[in-house]
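Number of protein chains: 2
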Amino acid sequence: MEEKKIVARKLQGFWELQPEQQVIFENMLDKIKDVFKRHCFLPLDTPVMELSEILLAKSGGDIDKEIYRFVKGSTDACLRYDLTVPLARFVAMNQNTISFPFKRFQIGKAYRGERPQKGRFREFYQCDADIIGDGELSLVNDAECVKLYVDIFKELALPVQVEISSRKVLYGLVSGLNEEDKFANIATALDKIDKIGESGVCELLQQLEIEQSKIKVLVDFVKINGNAQALENAQKLCSDSAFLDGVSQLKEIDGYLKAMGLGEEDYKFNFAIIRGHNYYTGTVFEAYLKNNRSAGAIGGGGRYDDLAGYFTDRKLPGVGMSIGMSRLFEILQQTSQQVSNFCKCAIIPLGETLQQCLALAGYLQQNLVAAEVYAENKSFKSKMKEANKRNVPFVVIIGADEVKEGKYTLKDMTTSQQQTLSKEEILNILG
Amino acid sequence: MEEKKIVARKLQGFWELQPEQQVIFENMLDKIKDVFKRHCFLPLDTPVMELSEILLAKSGGDIDKEIYRFVKGSTDACLRYDLTVPLARFVAMNQNTISFPFKRFQIGKAYRGERPQKGRFREFYQCDADIIGDGELSLVNDAECVKLYVDIFKELALPVQVEISSRKVLYGLVSGLNEEDKFANIATALDKIDKIGESGVCELLQQLEIEQSKIKVLVDFVKINGNAQALENAQKLCSDSAFLDGVSQLKEIDGYLKAMGLGEEDYKFNFAIIRGHNYYTGTVFEAYLKNNRSAGAIGGGGRYDDLAGYFTDRKLPGVGMSIGMSRLFEILQQTSQQVSNFCKCAIIPLGETLQQCLALAGYLQQNLVAAEVYAENKSFKSKMKEANKRNVPFVVIIGADEVKEGKYTLKDMTTSQQQTLSKEEILNILG
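First to last, the protein sequences are chains U and V. Just so you know, we're using the numbering used here here: the first sequence kicks off at 69 and counts up by one. Just so you know, we're using the numbering used here here: the second sequence kicks off at 69 and counts up by one.
In short, the hints are calculated from the structure, not lab data. Note that beta-carbon positions come from the ideal geometry of N, C-alpha and C, so glycine has one too. Be aware that a few hints might be false.
[What the hints assert, rightly or not] Each computed SDA-like pair below joins lysine to any residue, with the alpha-carbon atoms no more than 25 Å apart: (1) V:K171 <-> U:A427; (2) U:K222 <-> U:N338; (3) V:K326 <-> U:E493; (4) V:K171 <-> U:N459; (5) V:K491 <-> U:N338.
[Claimed, not checked] A few chain U residues that face chain V, going by a derived Cβ cut-off under 10 Å, partial list only: (6) M117; (7) I166; (8) L325; (9) G377; (10) F379; (11) Q423.
[Said to hold, decoys possible] Restraint-style ranges between C-beta atoms, simulated for each label pair: (12) V:K263 <-> U:T165: 36 to 44 Å; (13) V:Q275 <-> U:E182: 56 to 64 Å; (14) V:Q487 <-> U:K260: 50 to 58 Å; (15) V:D150 <-> U:N435: 30 to 38 Å.
Using the sequences provided together with the hints, build the complete structure.
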C-alpha cells in the first residue's frame with residue numbers, strides 16, 4: 069500500500085536539541101537544580117497554560133499579540149509567557165497553606181509567539197528562583213540570591229561576578245534632586261550607559277530638561293563601581309534620607325555576603341546596574357562571566373514590593389533571580405569537553421559472547437556505571453567505529469578466549485591503550 | 069489605590085502539586101532518569117506543540133475533540149497528546165544524522181482536553197523510553213525494556229514483576245485456527261480475561277461465531293502463565309510456523325533476561341497480556357507491583373514494526389516502554405517516608421548570631437549538605453516550630469555563647485537529642 073508521506077518538520081522557532089546537545093543541557097539542568105536544592109529552595113511545576121484572566125491581569129485583559137491563546141468550549145486559556153505570573157497566582161491561591169518565607173525554584177518552558185530570529189525562540193526555557201515573604205522579608209534573602217549565582221556558576225565551571233545596585237538608592241538620589249516626576253525616564257537613560265557611553269547619557273538627560281549640575285550628579289552616580297568602599301564614597305553624593313537608607317541596605321547586604329564566604333572576586337557594587345523593569349523596587353543585580361563581561365549579563369534579578377497585588381490584598385514582598393538559559397547553554401556548548409553521551413562504556417561482542425556482554429553490562433549498571441552492549445547484527449569493525457563516533461570513553465571487547473579466562477579487554481578510547489582485566493578491575497577503573 | 073482583585077485559580081484538570089509533593093515527584097524523576105542514563109538512553113525534549121498536519125497524520129487530518137489546537141497567523145499547531153508522534157517526527161527528520169539503534173527517553177507533559185475526572189488529567193506527565201532500529205532491531209532490545217522496569221522500580225523501592233507475551237504468538241495461534249480475519253476482535257475479547265473471567269471471554273468469542281474447540285484453544289492459551297517452562301508447554305498448543313517462531317523469540321528474550329541477571333521474581337510469561345493497541349506487532353509486556361498486582365499495570369510497552377511510516381519509507385522498527393506517572397506518583401506519596409523537603413538542616417540564630425549562621429550554612433552547602441538559615445525577624449520559638457512543621461531532620465542552634473567556643477548545638481528532630489559540636493563534627497553527621 070503506497071501512501072503519500074507527510075514531510076516531517078517541527079514548528080519554526082521552537083527549541084529542539086539533538087540528543088548529544090540535550091545531554092549537555094541535562095547536565096546543566098542537574099547542576100543548577102543541585103544548587104537550588106542545597107539552598108533548600110522548593111521545586112514548583114505549574115501548568116504551561118493559565119486562564120487568560122490570570123495571565124492578562126497585568127494588561128487589564130488586553131491580549132498581547134505575542135501570546136498564544138486558546139478558546140476551547142468554556143475554557144479561555146493562554147500559554148504562559150513567563151514563570152512569574154504563575155508564581156503569583158500559585159502563592160495567592162495557596163497563601164494559607166504555604167510557609168513563608170517561601171523559597172521556590174522553577175525551570176520550565178515559556179512561550180512568546182514573536183517572529184523567530186537568532187537567539188529568540190517562541191518556546192524557551194526560563195529558570196527562576198524567588199523568595200517570597202509575608203509582609204516583610206529580610207535583606208539576607210537578597211544576599212542569598214547573589215550567592216545562588218556564585219554557587220551555580222562555580223558548579224558549571226563558569227565563574228561569575230555579580231554586580232549589585234539598588235533602585236531605592238537611585239530613586240532616593242533622583243528624589244533628592246527634586247526630579248522624581250522624571251524617575252522612569254531618568255532610569256531608562258542611565259541604563260544605557262554601557263551602550264551609548266557617558267556623553268550619550270548626558271544628551272538623553274538634557275532632552276529631559278534636567279539641569280547640568282544635576283546631570284553631573286547622576287552621571288557621577290552611575291560611574292560608582294567597586295567594593296564596600298564604593299558605598300562609602302556614594303554616601304557623600306546625596307543627603308536624601310531615602311538615598312542614605314538605600315545605601316545602608318546595600319551595606320547590610322555586603323555584610324551578609326561576606327559572612328556567607330563571598331569575596332571581592334564574587335561580587336561588587338555597580339550603580340550603572342538599573343534593570344529595565346519598573347517592577348523592581350529595591351536591590352537589583354546582574355551576573356557577568358568573569359572572563360567575558362562584554363558578553364553581557366547571564367542573569368539578573370532583584371527585590372520587588374509586592375508579588376501578587378492583582379490577586380490578593382496581602383502584601384507579599386519578594387526577591388528573585390533568573391538565569392538566561394539559551395545564552396548559558398550556548399556558552400556551555402562551546403566550552404564543554406565534548407561530553408555528548410551518558411555512556412561510559414560500550415561493550416562489544418567478538419564472536420558468540422552476547423550473553424557475557426549482557427552480564428557485564430548488568431554488573432556495571434548495578435554499580436552505577438552507564439554501560440551498554442552493541443548487540444545488533446553488524447560487524448565488529450563497524451561497532452568500534454560507532455563507539456568512536458559516539459564519543460564513548462571506554463570500550464570493553466569480549467571474545468571467546470576472554471570468556472574462558474573470565475577476563476575482558478578494556479580499551480581507553482582517548483589513549484587507545486588496552487588492558488586485559490577482570491570485571492572487578494574494570495569497575496575499579498570506570499566506577 | 070483600591071483595585072478589584074482577580075480570583076487566583078488554575079485551569080481545571082491541570083496537574084499542579086504542592087511544593088512538598090513536588091519534592092517527592094522530583095526525587096522520583098531523578099531516580100527514573102538515573103536508570104535511563106545508566107542504560108545509555110539519550111534524552112529528548114521536543115516542543116509541547118507540533119504542526120497539526122504532523123500530529124493529525126494518523127487520523128488523516130481529522131481533529132479529535134480532545135486535542136488542543138491553535139491557529140495563529142499562518143501557524144496551525146496542536147499541543148502534543150503523547151510523546152510517540154513527536155518521536156516519530158524527530159526520527160524521520162533526523163534519520164540521516166542520528167545513530168541507530170537510537171535509544172531515547174523522554175519525560176514530559178502531554179495534553180488531552182477531556183473532561184477532568186479522578187485520575188484523569190488534561191495535562192499529565194508521560195515517561196517513555198524507546199529503541200529504534202534501522203531496518204532491523206535485535207530482540208536484546210525487548211529484553212532491555214523489561215530490564216528497565218526492573219531497575220527503575222528497584223531504584224524506587226517498589227519492586228515489580230514484568231509479565232511478557234507476544235502479539236506475534238497470538239497472531240500465529242489465531243492464524244493457525246484460520247480465524248485471522250477476526251484477529252482484532254479476538255484480541256480485544258481475550259484482553260478482558262482479567263476483568264470478566266474465563267466464562268465472560270468465552271461468551272464474547274461465541275458472539276464472534278468461533279467454534280467451541282477453537283475457543284478452548286484460545287482460552288487455554290491466555291491461561292498460560294509462568295517461567296520458561298510455560299513456553300515449552302505453549303509449543304504443544306499449535307503447530308503454525310508463525311506461532312512457533314513467536315514462541316522461540318520469547319525463548320530468546322528469556323535467555324537475554326537471564327544473562328542480564330534477572331530472575332523469576334523479576335519477570336514471567338503471561339499470555340493474557342495482550343495490550344490494547346494494534347500498534348504492537350511483537351513482544352508486549354506490562355509491569356505490576358509485586359506486592360499489589362491487583363492495582364493494575366504501572367507501565368507497559370512492546371515491539372512495533374514501523375515507527376514513522378507516515379513520514380518516511382525507511383523501515384524503522386522499535387520497542388518501547390512507558391510508565392504511568394500519575395499512578396506511580398500516587399503510590400510513592402502513600403509509601404514515602406514523609407521526605408517533603410530537600411532541607412537537611414535548618415540553622416536558627418539565638419541572639420545576634422546571624423553572621424555565624426550564614427557562615428555555617430555556606431560551609432555545609434559547599435560540602436553538599438542542603439542547609440538554610442531561618443533569618444526572618446521572628447521569635448526563636450516560632451522558628452523551631454517552623455522547622456518541625458517543615459519536617460527538617462536536623463536543626464543547628466547558634467547562640468552567643470556557642471559562637472565564643474566555636475561550637476554549635478545540633479538537634480536531631482527525630483530523637484530530640486542535642487549535642488554540642490564543631491562545624492566539622494556537624495558535617496560528619498549530616499554529610
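Tested hints:
The suggested pairing of K171 of chain V with A427 of chain U holds, with an alpha-carbon distance near 19 Å, which does not exceed 25 Å. For the given pair, K222 of chain U sits about 22 Å from N338 of chain U by alpha-carbon distance, which is consistent with the 25 Å threshold. Distance hint between K326 of chain V and E493 of chain U is fulfilled; the C-alpha atoms sit about 23 Å from each other, no more than 25 Å. Under the criterion of a C-alpha separation no larger than 25 Å, the hint pairing K171 of chain V with N459 of chain U is consistent with the structure, at around 15 Å.
Distance hint between K491 of chain V and N338 of chain U is unfulfilled; the C-alpha atoms sit about 35 Å from each other, more than 25 Å. Residue-level restraint check for M117 of chain U holds (minimum Cβ-Cβ distance to chain V is 6 Å; threshold 10 Å). Because the smallest distance between the Cβ of I166 of chain U and any Cβ of chain V comes to about 7 Å, under 10 Å, the interface hint for this residue holds. The restraint placing L325 of chain U at the interface with chain V holds, with a minimum CB-CB distance near 9 Å, inside the 10 Å limit.
For G377 of chain U, the interface hint holds, the least distance from its beta-carbon to any beta-carbon of chain V being 8 Å, beneath 10 Å. At about 4 Å, the closest approach between the beta carbon of F379 of chain U and any beta carbon in chain V falls short of 10 Å, and the interface hint on this residue holds. Below 10 Å, beta-carbon pairs count as interface contacts, and Q423 of chain U has one with chain V at about 4 Å; its hint therefore holds. For K263 of chain V and T165 of chain U, the hinted distance range of 36 to 44 Å is satisfied, since their beta carbons lie about 39 Å from each other.
A hinted range of 56 to 64 Å for the beta carbons of Q275 of chain V and E182 of chain U is consistent with their spacing of about 58 Å. Range check, Q487 of chain V to K260 of chain U: about 57 Å between beta-carbon atoms, so the 50 to 58 Å window is met. For D150 of chain V and N435 of chain U, the hinted distance range of 30 to 38 Å is satisfied, since their beta carbons lie about 34 Å from each other.
The structure fails hint 5 only (numbered hints given earlier).
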